[in-house]
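*Asks:* Assemble chain B with the ligands onto chain A, guided by the hints.
Here is what each chain is made of, one letter per residue.
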Amino acid sequence: MSRPEHTAPPEIFYNEDEATKYTSNSRIISIQNEMAWRALELLALPEDEVAFVLDIGCGSGLSGEVLEEEGHVWVGMDISDSMLEVAKEREVDGDLFLQDIGQGVGFRAGTFDGAISISVIQWLCNADKTVNNPRSRLKRFFSTLYSSLARGARAVFQFYPENPEQIEMIISSAMKAGFTGGLVVDFPNSSKAKKYYLCLFAGYKDNAKDSPALPKALGEGDEGVQVNYASKRVHTRRKEPVDRKAVKDKKWVQHKKELNRARGKDTPLDSKYTARKRRTKF
Amino acid sequence: MRLITHNMLQCHVKACPPGQSYPLQIRNAELEALDAEFNADFVRRLIPKLDWKVLRSTAFELGVAQLPEECPAEPTEDDLQMIHKVALQTRVKEAEMVCSGCGHVYPIKDGVPNMLLQDHEI
Ligand SMILES: C[S@@+](CC[C@H](N)C(=O)[O-])C[C@H]1O[C@@H](n2cnc3c(N)ncnc32)[C@H](O)[C@@H]1O
Ligand SMILES: [Zn+2]
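Each protein sequence line maps, in turn, to chains A and B.
Start counting the first sequence at 1; every next residue gets the next number (the UniProt record's numbering).
Start counting the second sequence at 1; every next residue gets the next number (the UniProt record's numbering).
Please keep in mind that the hints were generated in silico from the structure rather than gathered at the bench.
Be a bit skeptical, because a hint or two may be false.
[As the list claims (entries may be wrong)] DSS-like, lysine-lysine: derived pairs with alpha carbons at most 25 angstroms apart:
1. B:K49 with B:K14
2. B:K85 with B:K49
3. A:K88 with A:K21
4. B:K53 with B:K85
5. B:K14 with A:K139
6. B:K93 with A:K88
7. B:K93 with B:K53
8. A:K88 with A:K176
9. B:K109 with B:K14
10. B:K93 with B:K109
11. A:K205 with B:K14
12. A:K88 with B:K53
13. A:K192 with A:K139
14. A:K139 with A:K88
15. A:K139 with A:K209
16. A:K205 with B:K49
17. B:K85 with A:K88
18. A:K216 with A:K192
19. B:K49 with B:K93
20. B:K14 with A:K176
21. A:K176 with A:K205
If we strip away everything but chain B, and leave its shape as in the complex, we get:
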């Protein structure tokens, strides 16, 4: 799972308290760098969809990059490259994702998060 996807992902346990199902906290992560083609236009259109605070804190906690406090209002090519590197070229290989709303733990194995829920969670 790349960080772009983590930035969009929320807990889908049915009774998860509204407003607390995002973001999922990444613990014990093992990361992998990917080689993905850079598309400035895609990244530019991605920016308004990103939760910048979450991207920033995730990148910081995982030790990937130190992103600026605010997302650059008029991003330069370098800014776009930096976002590309964090969001599209960083992959979580092994980890646990913990929901702070309901406590559900989603394990990530070999890059694939297990999102399966128990019967009482649906």
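Here chain A stands alone, though its shape is the one from the complex:
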């Protein structure tokens, strides 16, 4: 299977057609949702707090929906206006930016409590124009991201590395920008379920030994019960019913609950509100 990064620049590949196809494919929806949940889990935000989160390469908002589901306030950026167009149609809550992350992210120091990025950064490893040198783009991206994050905040990237050299290039760029952390590989022994998550910590530039330990991967021997994230938030329903295309169908929510039960987490019992839009209560 050829990699989309090899076929065209992202803003061309994710054209109107692809953006619509992408966002109406239930298999894609459930995979992106699940990876976004996992990224959010690895982000380890303080429980019961609404956070300000950046979604890097937010696309049509499949990953951002997960942030909304947890009640967070989010900002998303993407280089494809067709993907953003779909996000707008779906009335996501996040603020959207048309932006090439390889040109840097411009937010004041300490803005975000965390950042997630789902299936995006492998795109930065491809030079589609002569001015687009992957190493300098990665450098610009990670250094500006570093300063946009609050001290102690994390950035979690699920990505599809093409080869070990790419992993090396991405991690070394991140470390040079001041991040600590590393790679968490879930289900490393399953060719189908294997997933790469780059977990980065901001704020330990000059004191790397105080940097938190990497979260444990799933599916390698003991299931990852150490990564404790079961949300104890009390949820209420949104005040008004929202008219938008369902991202998570009921089946998917069921699936997530089963997954969580398998991981030994507390999950709410199935209720009639399942798979409806919820908001945090305070």
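*Replies:* Just chain B with the ligands now, with coordinates in the frame of chain A:
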């Protein structure tokens, strides 16, 4: 783009003179009011991150609200509600954002700022 995000946003042109890349001036704005759930705790934690002077002048110039000169040191529920209204319930739908450091103009269309730079700006 909500005003909370504008309050954090700076110009990211590489050669933009340091110290002048913030704030971006909003021109020819068309605004929209949003209905966002109020979370006192979130707003309280947001306050130290806000540039109050910028929030105040932006809210004033856009005709959204007249915020006090100084951010209330011990904000009441009403103060928090007011900040919530300005920062989280005010959205810029159409506008231009101009950097006073390098002059770059970032257009906002249908709520989405275009942050793409020219090759010579990166
Ligand atoms: C597979 S989609 C993932 C979208 C979303 N995160 C999700 O989970 O559904 C990859 C996205 O990365 C975006 N992307 C690729 N390169 C980018 C860049 N340099 N800057 C910003 N976005 C980029 C694409 O436009 C596309 O929307
Ligand atoms: Zn500038």
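*Asks:* Regarding the pair K192 of chain A and K139 of chain A, is the alpha-carbon distance no greater than 25 angstroms?
*Replies:* Violated: K192 of chain A and K139 of chain A sit about 31 angstroms apart, past 25 angstroms.
*Asks:* Does K176 of chain A sit within 25 angstroms of K88 of chain A, going by the straight-line distance between their CA atoms?
*Replies:* 36 angstroms, violated
*Asks:* Measure nothing beyond the straight line between the CA atoms of K14 of chain B and K139 of chain A; if it is 25 angstroms or shorter, mark the hint as holding.
*Replies:* The hint holds at about 13 angstroms.
*Asks:* Please verify whether K139 of chain A and K88 of chain A have alpha carbons no more than 25 angstroms apart.
*Replies:* 30 angstroms, violated
*Asks:* Straight-line Cα separation of K49 of chain B and K93 of chain B no greater than 25 angstroms?
*Replies:* OK: K49 of chain B and K93 of chain B at ~24 angstroms, within 25 angstroms.
*Asks:* Given the proposed pairing of K109 of chain B with K14 of chain B, does the C-alpha separation stay at or below 25 angstroms?
*Replies:* With Cα atoms ~24 angstroms apart, K109 of chain B and K14 of chain B stay inside 25 angstroms; holds.
*Asks:* Mind checking the alpha carbons of K93 of chain B and K109 of chain B for me, to see if they're no more than 25 angstroms apart?
*Replies:* 7 angstroms, holds
*Asks:* Below or equal to 25 angstroms on CA atoms is what counts here, so check K93 of chain B against K53 of chain B.
*Replies:* Holds, because 22 angstroms separates the two Cα atoms, which is no more than 25 angstroms.
*Asks:* CA of K85 of chain B to CA of K49 of chain B, is that 25 angstroms or under?
*Replies:* 17 angstroms, holds
*Asks:* What's the verdict on K14 of chain B and K176 of chain A, does the C-alpha distance respect the 25 angstroms limit or exceed it?
*Replies:* 18 angstroms, holds
*Asks:* Would you mind confirming whether the straight-line C-alpha gap from K205 of chain A to K49 of chain B stays at or under 25 angstroms?
*Replies:* Status holds; Cα separation ~21 angstroms.
*Asks:* Taking 25 angstroms as the top limit, are the C-alpha atoms of K93 of chain B and K88 of chain A close enough?
*Replies:* With a Cα-Cα distance of about 12 angstroms, the restraint between K93 of chain B and K88 of chain A holds, given a limit of 25 angstroms.
In summary, the numbered hints that this structure violates are 8, 12, 13, 14.
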